[in-house]
Amino acid sequence: MCLAVPGRIAEIFEDHGTRMARLDFGGIHKTVCLAYLPDAVVGDYAIVHVGFAISRIDEASAQETLRHFRELGILEEELGEVADHEYAPPPPCPIPS
Amino acid sequence: MKYLEEFRDGEIAQRIAAEIRQITTRPWAIMEVCGGQTHSILRNGIDQLLPPEIELIHGPGCPVCVTPLEMIDKALAIAARPEVTFCSFGDMLRVPGTDRDLFRVKSEGGDVRVVYSPLDAVALARKHPEKQVVFFGIGFETTAPANAMAVHVARREGLRNFSMLVSHVLVPPAIDAIMRSPTNRVQAFLAAGHVCSVMGFWQYPPLATQHRVPIVITGFEPLDVLEGIRRTVRQLEAGDARVENAYERVVTFDGNAPAQALLEEVFAETDRAWRGIGVIPKSGWRLSDAYADYDAEHRFDVRDIRTVESPRCRAGEVLQGSIKPTECEAFGRECTPRAPLGATMVSSEGACAAYFNYGRVVQLERVVSA
Amino acid sequence: MSAVLPETTAPAVTPSFDAWTCPMPLRDYPTIVLGHGGGGQLSAELVEHLFLPALGGADPAALADSAVLTLPGSRIAYSTDSFVVRPLIFPGGSIGTLAVHGTVNDLAMSGATPIALSVGFILEEGLPMATLARIVHDLGAAAREAGVRIVTGDTKVVERGHGDGIYINTSGIGVVPPGREIGPTRVSVGDVILVSGTIGDHGMAIMSQREGLEFETTIQSDSAALHTLVGALLDAAPGTRALRDPTRGGVASSLNEIARASNIGLVVREEAVPVRPAVRAACELLGLDPFFVANEGKLLAIVPAAEATAALAAMHAHPLGRDAAIIGEAVDSHPGMLVGRTGIGARRVITMQIGEQLPRIC
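Taken in order, these protein sequences are the chains called R, X and V. Here our numbering is used: position 95 in the first sequence is 95, and no number is missing along the way. All you need for our numbering is the position in the second sequence, starting with 1, plus 1000. All you need for our numbering is the position in the third sequence, starting with 1, plus 2000.
Honestly, the hints are just simulated from the structure, not real lab data. From a predicted model like this one, the values you see are computed outputs, not experimental measurements. You may find that some hints are simply not true.
As the list claims (entries may be wrong) - Derived DSBU-like pairs: lysine-lysine, alpha-carbon spacing no greater than 35 Å straight-line:
1) X:K1282 - X:K1106
2) V:K2156 - X:K1127
3) X:K1002 - V:K2156
4) X:K1324 - V:K2156
Claimed, not checked - Pair by pair, the computed Cβ-Cβ distance ranges are:
5) V:G2183 - R:V42: 50 to 58 Å
6) V:P2335 - X:E1006: 35 to 43 Å
7) V:E2216 - R:A60: 23 to 31 Å
8) X:D1289 - V:R2210: 31 to 39 Å
Note that the Cβ used here is the ideal one computed from N, Cα and C, for glycine as well.
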């Protein structure tokens, strides 16, 4: 129910009387409905679900969240790369043959 | 992709997971409501980074899994009609009805089309006045604004050849029903971040208080899901039961006002049968009386649909977390992704399909960082 | 009716579609009619005035029912493929381009040098002649560029409504040098998996044109003939075990097939697999996994660990392998299964899809 992807508003226009926008998703552009974000302007980021922008992304908040993440957890060891978790493959699922 | 890939950072993910391991002292059962979150968990292996004490119960948050069988059968009946162009999201194409699915209908000559947006179905109606274009309006509150706008635009333009088959389901009543179930094991919820981007989260504090459960509004990328879990565990360990917003960059308390305004106009509350679970009162939306003309259920006579759910399917118990898929006798035998008995075996985030495809058994292999 | 195009040492004048003018008598028929498949005068005109000039060969009097070829060596690779893609013309190519590359690549994946192709057309009544001309010219151009001859062909016409504009079948013959044994059963634990470049380009180029899913993009199909890349790879890494071009079903399907056929476990490191940013964005938007999206100009190679560096270098030096990467290995656990190491260091079992991957909202 919830696949929504962030994009940057590149252009705003009207189509058949409905407020629409062309969004840049980082390499592709798609036209979506912007009727639910009447105050959004070109340059804003929004998340898009089934061709509708349903929420602006608060960029300050996003940066704050990332900052918080980066400061999380002082570990004894330095993690340069993503550590490979010890992986034991799951035992075969009991699917009867 | 900005504001997406940063939230997939593997190193940070492992740090958040390490935090979770540090603060967990006993077993907790947490349910993520949203199918999109389930998909992210399985796709990225997020649960493998958690300590063994944390059990994630995959909730009924996928419209594919919970759309009532009767509604699927109505969709199939309408789609089979020669004058109809039936438009749907891709997710619904393989969901089994009583005796077939939309793919079968298509192969038998039905004009069934996958669309990305409900507005694409409206565009088809404009382009093909000779066809009756019907859109399958399923989904949670996240999708409802899109569906509402489509039918609103169609009515505004007087597109008489457009109609919508509506089967919306709502999250708060589902949380309430799950907590009231006598077999409930859920101790906390990760609420659906994108549902809340539309509705806000003002509906959740009464639920948290009444049922004494932490409810953390959570996003979808690995870092968002892990952070949601971290805040949830922190509350559980402290004996708290509050609503917390862990998806602040997108979700506000009030939500999207223009969207909620149109939802008020286009939809009306209704009781809804959740496939496999049963009727949850006031847990769905149907088209309001003002939009009755655009309701496919009225336009096409589908009143005599007789539905027969497979007696062997226990999807409802799986959806509520009462049983694991492997505890169902049909699992892997007459019920497989190729020949699913119920929706939880069809959907890529249905628990049964996940267990089958990802080869998981009972408890996932836990991984412990060095 | 079958036609044989005689060998010519020099290619015919390279046709330019821009300058192409529909010759008489084809101009009388702006679209394909049933008569074009009747074996009579209309059929002959189609062959003489469109197919022969575009596909090489100038003398209609040399038409015979089958082609007789003199082939060096005695190990023949033989493959067939049918092409039903919609839309017929897409960014980066057309069904004509695919028709050559698909079969040439099938031959190349056995380590064969492609020699000759047949081409069979099933045309739908009403297909615009201009569309057919574009497709046939693409076919001829792809064959010439690949150094492969179209030596025999056939055309049938079906009634309007009974075909999708055009279906093409090509089959091809190639020669495998002595001593070359490429196949999944040779894969062993410790072998390394390489991909020749970015994945998902073709499938997303097609997707961007499908009604209801359109988006603006610069994504082009990667359709290409891979046999010279294979040649360079095998020169540098003669111990190469298996080759596969991940077409329908993508990298996930091909690696699953190899894992099953060899009964060896394969692990792919997801972050190592190259994906163009635009392809990634398009997949995110539609909820698609690039691992399952079709490619038409890429290969997967499984090589002994000792030859991996040389294999990679050889691909990097070739125009079609600039973005080649090492993406995984064959392991001694989970035999027959393909497992992905996700970006957060966890694992997921990557299974074959039941059918086609569809855009999702969930």
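Each hint, compared with the structure:
1. X:K1282 - X:K1106: Holds, at about 33 Å.
2. V:K2156 - X:K1127: Holds, at roughly 33 Å.
3. X:K1002 - V:K2156: Outside the cut-off at roughly 51 Å; violated.
4. X:K1324 - V:K2156: violated (55 Å)
5. V:G2183 - R:V42: 50 to 58 Å: holds (56 Å)
6. V:P2335 - X:E1006: 35 to 43 Å: Since V:P2335 and X:E1006 have Cβ atoms about 37 Å apart, the given range 35 to 43 Å holds.
7. V:E2216 - R:A60: 23 to 31 Å: holds (30 Å)
8. X:D1289 - V:R2210: 31 to 39 Å: The hint (31 to 39 Å, Cβ to Cβ) holds, given that X:D1289 and V:R2210 are roughly 37 Å apart.
Comparing the model with each numbered hint stated earlier shows that hints 3 and 4 do not hold.
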